[in-house]
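Use these hints to put chain R onto chain X, whose structure you have.
The listed protein sequences correspond, in order, to chains X and R. FYI, the working numbering numbers position 35 of the first sequence as 35, with every residue one higher than the one before it. FYI, the working numbering numbers position 61 of the second sequence as 1061, with every residue one higher than the one before it.
Please note: incorrect hints may appear among the correct ones.
Distance ranges between label pairs, derived from CB positions [said to hold, decoys possible]:
#1 X:V131 / R:E1110: 51 to 59 angstroms
#2 R:N1113 / X:D53: 51 to 59 angstroms
#3 X:E42 / R:G1264: 21 to 29 angstroms
#4 X:E120 / R:P1257: 36 to 44 angstroms
#5 R:E1112 / X:I122: 48 to 56 angstroms
#6 R:G1264 / X:V64: 49 to 57 angstroms
#7 R:K1330 / X:V64: 20 to 28 angstroms
#8 X:V64 / R:E1110: 44 to 52 angstroms
It is worth saying that the hints were derived from the structure and are not from the lab. Ideal Cβ positions, reconstructed from N, Cα and C, are used throughout, including at glycine.
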Amino acid sequence: MLNFTRFAVAFACLAAVAGCGDSGPERTTCAGTVTLDGTPLEEGAIAFLPTGDTQGPSAGGEIVNGHYEVEDVVVGTNRVEIRGWKKTGRQLPKVDNFLGGGAAEEMIQIVPAKYNTLSEEIHRIGAKQHVLDFDLHSSPASG
Amino acid sequence: MRVITYRRRGFTLVELLVVIAIIGVLTSLLLPAVQAAREAARRTQCGNNLKQFGLAFQGYIAARKTFPPGSCNMPDFQKCGGKPFCGSGHDPWNRESRLTFYVWLLPHLELENVYDEFNFDNSTIVSSYSLVISNCNSRNGPGCNAPGRVPPTHVTAPFFFCPSDFGMRIWEDGSAEKWAMTNYLGFFGDQGYGPTWENPNSTVVQDPTPNVHSSDSAELGYHHRHVFAPNFGAQTAHIRDGLSNTLVMGEYLRAQPNAPGFNGIDFRGGFWIDQPGYSQVYTKDTPNTKNKDRFYVGQCNHLPKLGMPCQDGVSYADDDVAAVRSRHAKVSGVLMGDGSVRFVSDYINLGTWRKLGSINGGDVIEVDF
Chain X
1 MLNFTRFAVA FACLAAVAGC GDSGPERTTC AGTVTLDGTP LEEGAIAFLP
51 TGDTQGPSAG GEIVNGHYEV EDVVVGTNRV EIRGWKKTGR QLPKVDNFLG
101 GGAAEEMIQI VPAKYNTLSE EIHRIGAKQH VLDFDLHSSP ASG
Chain R
1001 MRVITYRRRG FTLVELLVVI AIIGVLTSLL LPAVQAAREA ARRTQCGNNL
1051 KQFGLAFQGY IAARKTFPPG SCNMPDFQKC GGKPFCGSGH DPWNRESRLT
1101 FYVWLLPHLE LENVYDEFNF DNSTIVSSYS LVISNCNSRN GPGCNAPGRV
1151 PPTHVTAPFF FCPSDFGMRI WEDGSAEKWA MTNYLGFFGD QGYGPTWENP
1201 NSTVVQDPTP NVHSSDSAEL GYHHRHVFAP NFGAQTAHIR DGLSNTLVMG
1251 EYLRAQPNAP GFNGIDFRGG FWIDQPGYSQ VYTKDTPNTK NKDRFYVGQC
1301 NHLPKLGMPC QDGVSYADDD VAAVRSRHAK VSGVLMGDGS VRFVSDYINL
1351 GTWRKLGSIN GGDVIEVDF
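For reference, chain X alone in the conformation it holds in the complex:
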């Protein structure tokens, strides 16, 4: 019995060391809330792009009802890009210069450029599970 236990422990260690996991840089899971002018962002996306000296692939995920949880965020300095979408209720006509573009409900991006294409959100992500909340403001005055 002792032998079996020993063997099991040794095997578990081996599995852990030999790596059933992925290779690459150290990564963590990031989660939190996103609000725009105080209201939770209903539908959106969040991206973590390693920047500066931090090396690694980009990570990202969806924002649903103001919450997000993103796996595999590279530990270190990341540039965060946040986008949010809202349907306007307006029906778009069939677009004839697009491939078979059918009628669709218009959708607009509601998060200002300073949080996505021109993001100023540079965050240092620690090695442990990281909680990061974002409180976005659509006008510069309130930002």
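For chain R alone, kept in the frame of chain X given last:
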């Protein structure tokens, strides 16, 4: 006298079960190995397909010392490889031609007959769109949809498709509209749709992330920092980072008609259209990122479980983008400017990835990627 009786020795139930269990275990060990070998073969073929495009580019470059324009968009058709390729000037917002670079590769892909179906002769706009409407001014007939006629935009070849992917090969909606698809798209930059064609009304400005481009390339403008842009194909002399260090094409995943979540309209891989995810990929994100690609509203299906996250986003969005995606285990095939094919890890550094995308950043790729 002793009588020795021999009893016929059979297998007990337990013995049989043990043997079956052992065989089961061995098979279960073997099967993944077989599957992996099959995928490895598919991946090799997938890379070989990219190589075909690489040879076609080399053929084109040998003749013209430049890559073909990423797409033909009015009004600046002079940049577009010059006449007679793009017709005459038109309203940039209608951008009527929109032919993508594949058309110029056709003669080098042994698809000269398909190439001849396009009409470059006069100022009539030869739009990839107009090819599906009734009178499309083709060289060989009055209407592209005449009976028995196959519009060139329907034609596919086996090497358009990566065998690891199981997506749609020809998009059709039951009407006359059909579009050939592919897994191999061109690189159009590290931002998104708007910046790549320098839309004057674009709200998307270049990403200020440092060390992507040196000041050396600034003088050329963002439009000319990657192999392809609308009305622009890099000359080999422009590619100062070296052809072997510059991305030309990468893998992408085609629409998945059998996937749960498919709603009938998904155009990913429809390479006759000049938009991200149709004929264009970007180095904005690393390959197979979980970040969503962004399409015109209603033109892609969000399929995260299939590795195809997508936001059918904003109307006329300059922020549209598509990342390289594949079905290989954690790698994606890319074609470099010298015609070589590489497989890039999903864990490549974003900075390295973007440097590979630029043609003249003065970037030295110091690490193996």
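Hint check results:
1. X:V131 / R:E1110: 51 to 59 angstroms: holds (57 angstroms)
2. R:N1113 / X:D53: 51 to 59 angstroms: holds (53 angstroms)
3. X:E42 / R:G1264: 21 to 29 angstroms: holds (25 angstroms)
4. X:E120 / R:P1257: 36 to 44 angstroms: This hint holds: roughly 42 angstroms between Cβ atoms.
5. R:E1112 / X:I122: 48 to 56 angstroms: At roughly 52 angstroms between Cβ atoms, I122 (chain X) and E1112 (chain R) fall inside 48 to 56 angstroms, so the hint holds.
6. R:G1264 / X:V64: 49 to 57 angstroms: violated (24 angstroms)
7. R:K1330 / X:V64: 20 to 28 angstroms: holds (27 angstroms)
8. X:V64 / R:E1110: 44 to 52 angstroms: holds (49 angstroms)
Hint compliance for this structure: hint 6 is the single one not met.
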